[in-house]
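In terms of the working numbering, the sequence shown opens at residue 1150 and continues consecutively.
In case anyone wonders, no lab produced these hints; they're calculated from the structure.
Check before you lean on any hint, since a few could be wrong.
Simulated pairs of lysine-lysine, BS3-like, Cα-Cα distance not exceeding 30 Å [to be verified]:
(1) K1227 <-> K1196
(2) K1196 <-> K1165
(3) K1226 <-> K1196
(4) K1196 <-> K1230
(5) K1165 <-> K1230
(6) K1227 <-> K1165
With beta-carbon atoms standing in for the labels, derived distance ranges [as the list claims (entries may be wrong)]:
(7) T1189 <-> I1161: 21 to 31 Å
(8) D1224 <-> T1155: 31 to 41 Å
(9) L1235 <-> L1175: 32 to 42 Å
(10) E1180 <-> E1229: 36 to 46 Å
(11) V1206 <-> R1166: 14 to 24 Å
(12) D1224 <-> M1157: 15 to 25 Å
Note that the structure is a prediction, hence the values are computed from the model and not measured.
Built from N, CA and C at the ideal position, the CB exists for glycine as well.
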Amino acid sequence: MELDPTQMTPVINRIKRAQGQLAGVLRLLEEGRDCEDVVTQLAAVSKALDRAGFAIVASGLQQCLTAGDGVDSVDVKKMEKLFLSLA
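Based on the provided sequences and hints, a complete structural model is requested.
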């Protein structure tokens, strides 16, 4: 299943934000900043990436369901594996 690039714009933006946050984490580490600040920022990056992943999986599932083939055509085990890979 291919993703519709027009539906991925919010996901792309979220990942770009996470990329900027990750650069900030690296900067904090290089500057020897407080551990709590580093971990807080790292958690924000992780959460942003998790949400992007869930949005991608949800979009793929929606495409499967609206493709006209219905629920029977959805590979439930594959979708479950995708969701669990994000957990």
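When the structure is checked against the list of hints, which entries are broken? Sort them ascending. 8, 9
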